[in-house]
Amino acid sequence: VKMRNPPVNSLSLEFLTELLISLEKLENDKTFRGIIITSDCPGIFSAGLDLLEMYGRDPAHYAEYWKAVQELWLRVYLSSLVVISAINGVSPAGGCLLSLSCDYRVLANNPKYAIGLNETLLGIIAPFWFKDMLVNTIGHRAAERALQLGLLFPPADALQVGIVDQVVPEDQVQSTSRSVMAQWLAIPDHARQLTKNLVRKPTADRLLQQRDADIQNFVRFISRDSIQKSLHVYLEKLKEKKG
Amino acid sequence: VKMRNPPVNSLSLEFLTELLISLEKLENDKTFRGIIITSDCPGIFSAGLDLLEMYGRDPAHYAEYWKAVQELWLRVYLSSLVVISAINGVSPAGGCLLSLSCDYRVLANNPKYAIGLNETLLGIIAPFWFKDMLVNTIGHRAAERALQLGLLFPPADALQVGIVDQVVPEDQVQSTSRSVMAQWLAIPDHARQLTKNLVRKPTADRLLQQRDADIQNFVRFISRDSIQKSLHVYLEKLKEKKG
Amino acid sequence: VKMRNPPVNSLSLEFLTELLISLEKLENDKTFRGIIITSDCPGIFSAGLDLLEMYGRDPAHYAEYWKAVQELWLRVYLSSLVVISAINGVSPAGGCLLSLSCDYRVLANNPKYAIGLNETLLGIIAPFWFKDMLVNTIGHRAAERALQLGLLFPPADALQVGIVDQVVPEDQVQSTSRSVMAQWLAIPDHARQLTKNLVRKPTADRLLQQRDADIQNFVRFISRDSIQKSLHVYLEKLKEKKG
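From first to last, the protein sequence lines stand for chains A, B and C.
By UniProt numbering, the letter at position 201 of the first sequence is numbered 201, and the numbering carries on one by one without gaps.
By UniProt numbering, the letter at position 80 of the second sequence is numbered 80, and the numbering carries on one by one without gaps.
By UniProt numbering, the letter at position 239 of the third sequence is numbered 239, and the numbering carries on one by one without gaps.
Bear in mind the hints are in silico, worked out from the structure with no lab data behind them.
Take these hints with a grain of salt, some might be off.
Copies of the same chain look alike in the list, so a pair counts if it works inside one copy or between any two.
To be verified - Keeping only pairs whose Cα atoms sit at most 20 angstroms apart, straight-line, the calculated SDA-like set for lysine to any residue is: (1) Lys25 with Ile35; (2) Lys201 with Phe128; (3) Lys229 with Asp58; (4) Lys229 with Gln193; (5) Lys201 with Asp132; (6) Lys112 with Ser22; (7) Lys229 with Glu24; (8) Lys237 with Ile187; (9) Lys201 with Pro127; (10) Lys237 with Pro169; (11) Lys237 with Pro188; (12) Lys2 with Gly56; (13) Lys201 with Phe221.
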């Protein structure tokens, strides 16, 4: 799967919906046993959630958007396919979450390609299931610090803290991902799928048991004046940068 | 305790029962404060659960067998004695679980002596409490990967991922284990036992609260045609190897 | 905050109460956004809980004392301020817990300045929330071993196991702590506070849901003849040392 939503693969509602449909097709097509998620946008794996979907809209829109974000996570995290992330660009916030939901993460060794949950830097907070994913991946202590400081890890740090599994030269990201895929596909599908579910179900269940409450939390939080103001400031900065 | 069930110390129902009786005696004999579990079979710590107990038998047998496996785990994991594993051979699957249940693991530095939960390679899956043990020992991320891929770690990797505590030359496994034992016995028994229980009870309780359901799950799973077929294929391969 | 309860900053009931009042003031004073906890007693960060509060008193006193210990932990652990520990001395048991409750730990590189939960060495046991703090910080396996053996980690080991975040030359503990503070204060307060709460609430809730039961447990345990005897032996040893 090559993600293509120029210029930065931000996860807009439309793009999320497209991704979900593609993933669902692959999931149900018995000829596919694994997928590699990578980016078609130079230097950017995914810029994460689309702030424009969270700014200046009405509560119904926020709710619809958040439901799609939940859906994407559950789809990738509980996929019966082997899902490998070939991270060929920067991947903050939601882009990082997408990678964390995969079975394996290969990151291109480019100092610009930082990865992490940097929500606090924008004045917002990661929901509990983003937090659970990071705790599961790098441990409680490292996650606590990274989440509070909104740390974005460049490749060497990312490997050391364990937020990615492997760092390789940029031109080997795809080939390495294919080799890793071969290793995972050597395992009998049925046993691998049941084992994956065994390990991941408790984490997924925490959201499944309170999806609506989580949506309402998000809508309430994002609708706050102070948060809308933070997003406004941030979006203005982005505009200036581009300008 | 020297395990001796030639040729590979597989945990047959009979051998499990013997082990349980020995361990119970030691537990109740006030002259013992610690035990070292090691193998009397050259090159093999324990081959793990005995597939012959899981293949071609009736549900009542599967249930009896699984109950004994649970019993051994609970006995070792919650033992009030200091339990050290002197791993002088390969220890896949159930052999690995036995080690993980101890207080400390010393592995002989022989590249053949791999250790891990390799259930998926046989087309079967580890139960949730095997998974819990691995997560507790090497962390969530490393456990997730190791369980899905059925990884068997040779000594250097085993030490790095933390599935064993120490790797020493093969002829020093027993003496090192005795030194470690001396360190653990220097702690007042009562405080050590209560602390051990404090840390381990939540994990043990997850099984204790659903022992019957776990037995029924196992019986249902192992009785499936597809699983019996996988085991058949595997057992035939083993026979060929020996022949 | 400079802790000053000579000679060893032991957390007596009186000193705990003073600390709590100071912390509460800082918490409510909007001009403060972060605090650095350090010691004014040479070579000792804090000797931990005051054994004299646990020996030869009546149950009501034990209950009052334990409530104050819980209170201090909850106050520091859930503080909305950035709390950094500048550990300029040895910090066993309760001294270690105090550090573990902070957002970041800087330890002076002096081989005498060991840190850890060494309760078993005194014949007593750490309560479940001390255990939770250590598991959260250094992982389940390392915590299990450290708690059973009552390990006190000198600086190099402390850094490696992750019980502290940074080890620096003794004369740089304060300046390093201030630099770290600047990094944490660069994050918007509101987002950082909500994120901290998100990560820490589940651990704090385990105590909040059973504070009274935890107090009763402590009173029952500490009132036992065998425990009072252990404490007596230990306190006599301390006297001899001083004499």
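How the hints compare with the structure:
1. Lys25 with Ile35: The answer is within: 12 angstroms in one copy meets 20 angstroms, while 53 angstroms across copies does not.
2. Lys201 with Phe128: both (15 angstroms within a copy, 11 angstroms between copies)
3. Lys229 with Asp58: within (15 angstroms within a copy, 56 angstroms between copies)
4. Lys229 with Gln193: Answer is between: at 18 angstroms across copies they meet the 20 angstroms cutoff, but 44 angstroms inside does not.
5. Lys201 with Asp132: both (12 angstroms within a copy, 13 angstroms between copies)
6. Lys112 with Ser22: The answer is neither: 29 angstroms in one copy and 44 angstroms across copies each exceed 20 angstroms.
7. Lys229 with Glu24: neither (36 angstroms within a copy, 31 angstroms between copies)
8. Lys237 with Ile187: Intra 48 angstroms, inter 17 angstroms, cutoff 20 angstroms: inter-copy only.
9. Lys201 with Pro127: both (18 angstroms within a copy, 13 angstroms between copies)
10. Lys237 with Pro169: Answer is neither; intra-copy 32 angstroms and inter-copy 40 angstroms both fail.
11. Lys237 with Pro188: between (50 angstroms within a copy, 16 angstroms between copies)
12. Lys2 with Gly56: neither (30 angstroms within a copy, 47 angstroms between copies)
13. Lys201 with Phe221: between (27 angstroms within a copy, 18 angstroms between copies)
Of the numbered hints listed earlier, those contradicted by the structure are 6, 7, 10 and 12.
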